[in-house]
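> The chain contents come next:
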Amino acid sequence: MELHEISIQIRRDIVRMVHGAASGHPGGSLGCVELFVLLYFEVMNIRADQFDMDGLGEDLFFLSNGHISPVWYATLARKGYFPIHELATFRKLNSRLQGHPATEEGLPGIRVASGSLGQGLSVAIGAAQTKKLNREDSWVFSLHGDGELQEGQIWEAAMYAPHNGIDNLISFVDCNGQQIDGSTKEVLDLGDLQKKWEAFNWHVLQCDGHDFEDLRRAIAKAKKNRGSGKPTMILMKTEMGKGVDFMEGTHEWHGIAPNDDQLVAALDQLNSTLEDY
Amino acid sequence: MNSRYIDTLTPSTQKDTRSGFGVGLLEAGKANDDIVALCADLTGSLKMGDFKDAFPDRFYQVGIAEANMMGIAAGMTIGGKIPFTGTFANFSTGRVYDQIRQSIAYSEKNVKICASHAGLTLGEDGATHQILEDIGMMSMLPNMTVICPADFEQTRQATLAIAEHEGPVYLRFGRPKVPVFIKNDAPFEIGKAQTLTEGNDVTIIATGHLVWEALLASEALKNRGIRAEVINIHTIKPLDEATIVASAKRTNCVIVAEEHQKIGGLGSMVAQCLSQHHPVIMDQVAVQDSFGESGTPKQLLDKYGLNAKAIESKVESIIHALT
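These protein sequences, in sequence, are chains X and F. The first sequence lines up with residues 1 to 277 when you count with this note's numbering. The second sequence lines up with residues 1001 to 1323 when you count with this note's numbering.
If you're looking for bench data, these hints aren't it; they were derived computationally from the structure. Incorrect hints may appear among the rest.
[Stated by the list, open to error] Keeping only pairs whose Cα atoms sit at most 25 Å apart, straight-line, the calculated DSS-like set for lysine-lysine is:
#1 F:Lys-1249 with X:Lys-132
#2 F:Lys-1222 with F:Lys-1249
#3 X:Lys-221 with X:Lys-237
#4 X:Lys-221 with X:Lys-196
#5 X:Lys-230 with F:Lys-1309
#6 F:Lys-1222 with F:Lys-1030
#7 X:Lys-223 with X:Lys-195
#8 F:Lys-1052 with X:Lys-132
#9 F:Lys-1183 with F:Lys-1249
What you are looking at is a predicted structure, and each value in this text was computed from that prediction instead of being measured.
Whenever a hint applies, use it, and build me the whole structure from the sequences.
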């Protein structure tokens, strides 16, 4: 199965999950599909069918902007972490698929709760530090929203990582330029992120978050930074709502669910490639 | 006097509980390679220097960035490490409540949050640093164990015990030197209260620095014909309700003493327990819904009524009310 086809199915899953729950965050989820598919189906060395919390010898992924849980859950299910029919329980009572990712219900693939923003980079750095103590050569990946960079803890973590030789971490920012109340430029301008992360002594790369080839190139380049004592930040340009024309490029679909008609209109643009759950 | 725990009421040494943490951390670190320590620019105050010198590769200086420290600690548990974080109690709790809540407590991470300079006895630095709400905040978090040991020796024992305990823990201790009265071979079990003196007239339940004050009070009361049962609650959560209820059934009156706000601390939890299982008259020796201020530890305990004298006077009032 081609990565592109998996991506289309995951976009279907996202729209159907959010519609089924009548709540959730489709916009950011749709915008990060290519990254999730590339990481889980090609880049990461993982044991999807034997999840354990410690992940010794495995690559680890942390989602700091936990509200885009639909894309993570759909990817994990399609990769085999848990049965795909469980996607139907998203955000419902007694589900392991909580609105924001959590460990308490024991959903395979999740190693820390996220949702309250700004915490995931610190956690990823801690996990990377433990991999170093354990003398593992695995990688740690983390994803952050661009709006999330308004949280102060991100910059505490940013300062810490290169000071402590964390070079087994590759982080991504989902640069879609949107947050709940409007564009990041209007709400609280992030300024020049390339220069900001460089000033914090990180390696910084930019790529097109919807282009597998460009993402591949950036990750391969980031992996060469091991040994430099510094982590890599990949500023990934994306479009919120990607793949569903009426959701694209607007903050309006950050956190609302499509109605029945909108679901039909969205699925018309996403032909099923694998079986729907 | 229960000789399992105490052998004298005239101890010859005074030590700070934070030093008990420092000694315990080094000891735990020697016993288990997975123990790592993180500190937010207060290595000396937290007495983490010996651990740092012995295990430089397992010690992480995070700078003045407590939120990041809590996140890193949570992350370090993934792969089997047992992180001990160290900073003042104020910066270990209120400042980083959401980080603890989401990344540690809700995520069930095996992080030990070790907090010094709790309460008024931090002293001269004043109210900005004198946290009096931390027991309440930490106890409200599901999955969290909350421990507040009574002296140097017990803090050492508690540090060793939490290293063996799986799950998030808040360990609260303090700055000033106080009498070392718990025996170094006393049994310490998380969640098990220690009945230090037996008596049928009143139950005095105390935690932290006020356990010693409770013992002094019980001695003074004995001379006035009042036999007090002093219970040391080193583990505030989970609370040893059985021991509390059994004692209250004998004495029918209870005083709770703690270096904490009266709202939300041990007193509140004991009241909740007794009101459900065996309602009796009770009163609290605690801070009366106010912030602290600068002063020496002793001056502050005197002014805010957190000492043996205050406990005695509450005991006399409560017994008077009963008769």
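> Sort out which numbered hints this structure fails and list those numbers smallest first.
When the structure is compared with the hints, numbers 1, 5, 6, 9 turn out to be violated.
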